[in-house]
Amino acid sequence: MIDIQTEPIDPEEVLSSVVNPLGGAEVLFLGRVRSETDGREVVHLDYEAYGDMAQSELEDLVQQVRGANDVLGIAVSHRIGRLKVGEIAVAVAVSAEHRPEAFRACRWMIDKVKERVPIWKKECFEDGSKWVVEHP
Amino acid sequence: MIDIQTEPIDPEEVLSSVVNPLGGAEVLFLGRVRSETDGREVVHLDYEAYGDMAQSELEDLVQQVRGANDVLGIAVSHRIGRLKVGEIAVAVAVSAEHRPEAFRACRWMIDKVKERVPIWKKECFEDGSKWVVEHP
Amino acid sequence: MRILLFAGLAEAVGQSQVDLVQGASTQTAGDLEVRIREGYPDLAKSPFRIAVNRVYAEANDPVVDGDEVALIPPVSGG
Amino acid sequence: MRILLFAGLAEAVGQSQVDLVQGASTQTAGDLEVRIREGYPDLAKSPFRIAVNRVYAEANDPVVDGDEVALIPPVSGG
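Residue numbers (numbering that gives the first Met the number 0), protein chains in the order written: chain A, 0 to 135; chain B, 0 to 135; chain C, 0 to 77; chain D, 0 to 77.
Quick caveat, the hints were computed from the structure, so don't treat them as lab data.
Note that the structure is a prediction, hence the values are computed from the model and not measured.
Yeah, the Cβ is synthetic: ideal placement off N, Cα and C, and Gly gets one too.
It is possible that some hints are incorrect.
Claimed, not checked - A partial selection of chain B residues facing chain A, derived with a Cβ cut-off under 7 Å:
| id | residue |
| --- | --- |
| 1 | Pro20 |
| 2 | Leu29 |
| 3 | Arg33 |
| 4 | Phe102 |
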């Protein structure tokens with residue numbers, strides 16, 4: 000599963016898509032809209048993507064993870080559009096025989112998503128909004 | 000949530016129990032019964048716990064994680080009794096503001112569970128069984 | 000040549016794409032960047048990378064007519 | 000003094016607890032270990048740690064009558 004979607008992300012679905020009978024370990028990462036940032040209350044976030052390129056970058060990253068022979072399954076789903084506080088923006092799931100590989104690949108994937116994939120978020124507050132530029 | 004239970008583990012429930020409005024990152028680890036070990040087909044696993052001590056160790060570990068002020072929520076659930084291939088043996092969920100702390104605390108917790116908590120598994124094959132002693 | 004803009008760059012310019020006449024001075028992604036920064040004062044100092052056909056381009060990667068060119072401001076997904 | 004056994008240790012001995020008469024030679028967890036290894040040949044070379052009142056004990060931790068003592072073979076949860 001490699002998805003960029005406007006509908007809410009179902010973590011169970013992302014996780015289920017990687018389950019493998021040989022897998023003893025799964026790691027799921029969820030990125031969620033926080034209620035505040037730098038002490039300011041967030042009303043909602045607007046996510047925008049360069050859809051075709053984002054999909055292609057995700058596919059490329061997933062291929063890189065799959066190329067490492069110690070990963071049995073990987074899935075990534077990113078939501079775009081308007082997200083409320085508490086909603087899931089991104090989910091990454093990895094299945095591997097043992098936990099070190101599962102943790103490592105999941106962490107690598109979310110780091111790369113945040114570093115490379117052309118998706119942007121705008122934080123909207125009561126009194127204004129701004130595009131986020133840092134990588135937290 | 001700190002559980003040692005004979006009923007199946009619901010990952011969604013473990014995850015939900017840590018969600019926090021200030022949390023931007025959640026990491027869920029699932030340990031699952033693999034279909035084979037060292038090339039031998041596994042029929043099922045029997046988990047046994049020194050229940051009172053296991054609960055107390057888990058509570059102690061959870062307190063240690065909570066003492067680190069960068070973790071917003073943590074939950075751990077371990078199943079005991081007879082588990083079939085593909086079933087979830089253990090789940091650890093962590094919520095934090097940002098992902099490094101969430102990954103770090105989740106990994107630390109599952110490592111400590113496997114190192115300290117008095118729970119044992121016996122692998123049952125078609126032609127015999129043995130208590131597992133390694134820490135994979 | 001049509002150039003796609005996103006996020007803060009699109010807002011800065013007020014549109015989601017701009018047009019640039021291609022010619023001898025726009026043979027590479029690096030050339031394009033120079034032309035864009037000169038031609039659009041709103042983008043003169045904005046940080047961005049150039050993508051050609053949905054792949055991040057290096058400065059000396061060639062750009063030809065018909066390529067899908069986009070300006071990618073610092074990403075912030077997740 | 001009753002001593003709880005688990006997993007492979009319980010199987011080796013064939014029961015989930017054993018009794019040890021407490022006395023001058025069983026003042027500490029370390030003493031207990033020696034007595035157990037002497038008294039139960041099945042446990043002589045088995046790896047285990049001792050827990051007293053549900054906490055891992057060090058060799059010189061005291062053990063008194065009424066304590067809950069258990070032998071903890073290498074754990075394998077998860």
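Quick rundown of the hints versus the structure:
1. With a least beta-carbon distance of about 4 Å to chain A, the hint placing proline 20(B) at the interface is held under the 7 Å criterion.
2. A distance limit of 7 Å between C-beta atoms decides the matter here; for leucine 29(B) the minimum to chain A is near 4 Å, and the interface restraint holds.
3. Among the interface hints, the one on arginine 33(B) holds; its C-beta lies about 4 Å from the nearest C-beta in chain A, closer than the 7 Å criterion.
4. The restraint placing phenylalanine 102(B) at the interface with chain A holds, with a minimum CB-CB distance near 5 Å, inside the 7 Å limit.
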